Amino acid sequence: VRTRSLRDVVSRRGGTFDLKNHAVTPIVNLARWGGLTAGVASGWSPTRLEAAAQAGAVTDRDARTLCDVFAMLQRLRMTHQVEQIAT
275 VRTRSLRDVV SRRGGTFDLK NHAVTPIVNL ARWGGLTAGV ASGWSPTRLE
325 AAAQAGAVTD RDARTLCDVF AMLQRLRMTH QVEQIAT
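Per our numbering: the sequence shown = residues 275 to 361.
By construction, these hints were calculated from the structure, which means they are not laboratory data. Quick caveat, the model's predicted, so the values are computed rather than measured. Some hints here could point you the wrong way.
What the hints assert, rightly or not - Label-pair distances were calculated between CB atoms; the ranges are:
id, residue 1, residue 2, range
1, GLY330, GLU357, 36 to 42 Å
2, ASP342, GLY313, 23 to 29 Å
3, THR311, GLN358, 34 to 40 Å
4, ILE359, ASN295, 19 to 25 Å
5, GLY313, LEU293, 39 to 45 Å
6, ARG338, ALA360, 17 to 23 Å
7, ASP292, ARG338, 32 to 38 Å
8, VAL356, GLY330, 34 to 40 Å
Virtual Cβ for every residue (Gly too), placed ideally from N, Cα, C.
Work out the full structure: start from the sequences and follow the hints.
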(Lines of atoms letter the chains of each structure in order from A; the text may use other names.)
(Lines give C-alpha, C1' and ligand atoms only; values in the text may rest on other atoms or scores of the structure.)
Protein backbone atom coordinates (compact mmCIF):
# COMPACT_ATOMS: atom_id res chain seq x y z
CA VAL A 275 0.00 0.00 0.00
CA ARG A 276 1.38 3.37 -1.00
CA THR A 277 0.63 6.23 1.33
CA ARG A 278 -0.12 9.52 -0.36
CA SER A 279 0.50 12.91 1.09
CA LEU A 280 -2.00 15.72 0.77
CA ARG A 281 0.40 17.42 -1.63
CA ASP A 282 0.37 14.31 -3.89
CA VAL A 283 -3.41 14.23 -3.95
CA VAL A 284 -3.80 17.96 -4.61
CA SER A 285 -1.17 18.03 -7.36
CA ARG A 286 -2.88 15.15 -9.17
CA ARG A 287 -6.26 16.84 -8.96
CA GLY A 288 -5.27 20.16 -10.49
CA GLY A 289 -4.72 22.01 -7.22
CA THR A 290 -8.07 21.18 -5.61
CA PHE A 291 -8.94 18.94 -2.69
CA ASP A 292 -12.49 17.81 -2.00
CA LEU A 293 -12.77 17.96 1.80
CA LYS A 294 -16.07 16.14 1.90
CA ASN A 295 -15.05 13.17 -0.26
CA HIS A 296 -11.41 12.84 0.76
CA ALA A 297 -11.48 13.80 4.44
CA VAL A 298 -14.97 13.93 5.97
CA THR A 299 -16.44 10.82 4.33
CA PRO A 300 -13.69 8.47 5.58
CA ILE A 301 -14.25 9.70 9.15
CA VAL A 302 -18.03 9.33 8.78
CA ASN A 303 -17.55 5.78 7.46
CA LEU A 304 -15.28 4.90 10.40
CA ALA A 305 -17.86 6.38 12.77
CA ARG A 306 -20.63 4.32 11.16
CA TRP A 307 -18.58 1.14 11.48
CA GLY A 308 -17.68 1.95 15.08
CA GLY A 309 -21.25 2.85 15.92
CA LEU A 310 -22.60 -0.37 14.48
CA THR A 311 -19.93 -2.31 16.35
CA ALA A 312 -21.13 -0.61 19.54
CA GLY A 313 -24.81 -1.17 18.72
CA VAL A 314 -25.51 2.45 17.73
CA ALA A 315 -27.24 2.47 14.34
CA SER A 316 -27.89 6.20 14.04
CA GLY A 317 -26.59 9.47 15.32
CA TRP A 318 -23.97 12.11 14.72
CA SER A 319 -20.45 10.90 13.88
CA PRO A 320 -18.86 12.11 17.16
CA THR A 321 -21.57 10.29 19.13
CA ARG A 322 -20.88 7.10 17.19
CA LEU A 323 -17.13 7.46 17.73
CA GLU A 324 -17.64 7.92 21.49
CA ALA A 325 -19.81 4.79 21.56
CA ALA A 326 -17.16 2.90 19.60
CA ALA A 327 -14.53 3.92 22.14
CA GLN A 328 -16.72 2.84 25.04
CA ALA A 329 -17.25 -0.52 23.32
CA GLY A 330 -13.51 -0.92 22.77
CA ALA A 331 -13.77 -0.83 18.95
CA VAL A 332 -11.34 2.13 18.87
CA THR A 333 -9.13 3.65 21.53
CA ASP A 334 -10.31 6.70 23.45
CA ARG A 335 -7.40 8.65 22.00
CA ASP A 336 -8.28 7.69 18.41
CA ALA A 337 -11.95 8.55 18.96
CA ARG A 338 -11.02 11.98 20.40
CA THR A 339 -8.62 12.65 17.54
CA LEU A 340 -11.20 11.69 14.93
CA CYS A 341 -13.83 13.85 16.66
CA ASP A 342 -11.45 16.82 16.76
CA VAL A 343 -10.51 16.42 13.09
CA PHE A 344 -14.16 15.97 12.12
CA ALA A 345 -15.12 19.21 13.90
CA MET A 346 -12.21 21.10 12.33
CA LEU A 347 -13.11 19.86 8.85
CA GLN A 348 -16.76 20.80 9.31
CA ARG A 349 -15.74 24.32 10.41
CA LEU A 350 -13.44 24.61 7.40
CA ARG A 351 -16.19 23.44 5.03
CA MET A 352 -18.71 25.87 6.51
CA THR A 353 -16.24 28.77 6.34
CA HIS A 354 -15.55 27.99 2.68
CA GLN A 355 -19.28 27.76 1.89
CA VAL A 356 -19.99 31.09 3.58
CA GLU A 357 -17.15 32.69 1.61
CA GLN A 358 -18.58 31.29 -1.63
CA ILE A 359 -22.02 32.70 -0.84
CA ALA A 360 -20.57 36.10 0.09
CA THR A 361 -18.70 36.50 -3.20
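We went through each hint and held it up to the structure:
| no. | hint | result |
| --- | --- | --- |
| 1 | GLY330 / GLU357: 36 to 42 Å | 41 Å, holds |
| 2 | ASP342 / GLY313: 23 to 29 Å | 24 Å, holds |
| 3 | THR311 / GLN358: 34 to 40 Å | 37 Å, holds |
| 4 | ILE359 / ASN295: 19 to 25 Å | 21 Å, holds |
| 5 | GLY313 / LEU293: 39 to 45 Å | 30 Å, violated |
| 6 | ARG338 / ALA360: 17 to 23 Å | 33 Å, violated |
| 7 | ASP292 / ARG338: 32 to 38 Å | 25 Å, violated |
| 8 | VAL356 / GLY330: 34 to 40 Å | 39 Å, holds |
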